[in-house]
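Those protein sequences? They're chains A and B, same order as listed.
When the letters of the first sequence are read in order and numbered with our numbering, they come out as residues 354 to 490.
When the letters of the second sequence are read in order and numbered with our numbering, they come out as residues 2 to 380.
Just so you know, not all the hints are guaranteed correct.
[What the hints assert, rightly or not] Here are some chain A residues pointing at chain B (derived, C-beta under 10 Å):
(1) Leu-376
(2) Ala-383
(3) Val-387
(4) His-406
(5) Asp-484
(6) Gln-485
[As the list claims (entries may be wrong)] Simulated coverage check for chain A against chain B, where a stretch passes if three residues somewhere in it have a Cβ under 8 Å from a Cβ of chain B:
(7) 358-367
(8) 407-414
[As the list claims (entries may be wrong)] Only part of the chain B face toward chain A is listed, based on derived beta-carbon distances under 8 Å:
(9) Phe-172
(10) Tyr-189
(11) Asp-190
(12) Gln-310
(13) Arg-328
Bear in mind the hints are in silico, worked out from the structure with no lab data behind them.
Since this is a predicted model, take the numbers as computed values, not measurements.
Ideal Cβ positions, reconstructed from N, Cα and C, are used throughout, including at glycine.
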Amino acid sequence: MSAAALLHRYAQALDAFDFNAVLEMFAADAEYRVQMRANFERNGVLNLVRDSHQGLKLRLMTHPPSQLPKSRHVLGEVALTADGSEARASFTVERDGKPTFVGEYRARLAAGQPPRFAQLMAVVDGDSCPDQIMVPI
Amino acid sequence: MKAIEDIIRSRPDAFTDRRIYTDPAVLAQEKEKIFKRVWLLMGHETEIPKPGDYRRIVVAGQPLILVRSDDGQARVLFNTCRHRASLVAVEAEGHCKTFKCPYHGFEYANDGRLVTVPVEQGYGAWFKKEEFGLTEVPRVDTFNGMIFGSFNPDVEPLLDYLGAAREYMQFCTHGDTAPLEVVDKYRYDIAANWKLLIDNTMDGYHVPFVHGAMFEAFGVTDEQFNVGGSLRTLGFHGAIDWPENRPLAQRKANRYMAIFPNITVHYNSSGDMHAIRQIEPLGVDRMQVTMWLLAPSPSERAMNERRAQQFSITWGPGGLFGADDARQLEWVQQGMAADSGAPVLAARSLDMGDVGDYNGEQSMRGFRKGWNHYMGAGQ
């Protein structure tokens, strides 16, 4: 399975609140990050989210889906960097039908099978984070 | 025994009309009666270290420029051309000798003086450049690197305004030998009235409920959860201290503060993490929070990354605790819309004076006294 397919599966699993499947897509030593674009571009140290696998599990397992907004992830074309090490795709995350988060995924895959994220980063556009990130976006 | 109606009437700091969180007319009054009269946080000296450094900021809805002018002074200028009102600084931050209006080319020195007017003779003899500089926020002062400004030329001195909160501010914003510096910052929105985040910061009572699932996931027991600690009013400001029996093996005290009207200052012993939040009302039911991470200077990148890691676990819209708080405040805001006529309560430990236990609501009442004072309410 390609990085593109993994990113699409990730998006679909989030939209379906299938959090076990989301967690399975991350390698045991993976990192999940969300950073505002301004912080990313200045190589700032602050992230909105910087979770280990354990942190990601906490995030996914302590928030009941019934209390979360319904999401719809819209992905742009997934492109590999020239050296093939990273997959990138624009995204829009709609919450309860309203476009909320816009940005870019940057994904690195772990070695081995099945394909898993070694790192998934969501760089969020805008001057201000518009909503809470209870679970991954 | 007093009737409940008498108690409510006698303690306007403890019983609040919910419409102050929902009525746009109240927000308009807050901007005039509070935000234009008190000291407000404009930024930090380390964000504009060199002469010519500037940042565009918006405080209390006002478009401003925080700039260090060539004479080394930190200034706050209104970001609006004296000709046709355009922004003169359009980039988020930068370094310049002058601000040149993009509309008709009026050019201002970085201390606000008007230095160039294209085709100046077209105005005639009455026009004098020295009378058309950028308007300056009349009062600017600093405390441990934090730059405060006031739109009120007659505001009391900053140190007097901070009053009893100074000692706590010193702890939270000064290192062993020098003031802390800004490491990084970001902004986030919460769909709730700006006052609710102040209330939340000074509220220990909510912790086991809003954050209970997260503490349970961390393996914190009920006994460990008996965090102790104290809440105190510091005039209109407030502080909350958590002592040694804080969970998560934290050894030193945690300390959070609220500086009236819209600043919170934080120290988390876990990760040696210092932070400041400034709360900007965007509407009666939406706020924007700017959050600065502070650290001693100099600090190695690796150390600051560790601080930032602890920061992101805890705070902000993605923090395991901050996100839960923000969502809870949005639920409060939605509940406030109920036109039930019932006041909301900050009435715990009502007879304990200025210092109460961790579950008290003293600091919320201190804030409310300040709010009532400036708004002329509850008299």
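Run the structure past the numbered hints and jot down the numbers of the failing ones, going up.
Hints 1, 2, 4, 7 and 9 not satisfied by this model.
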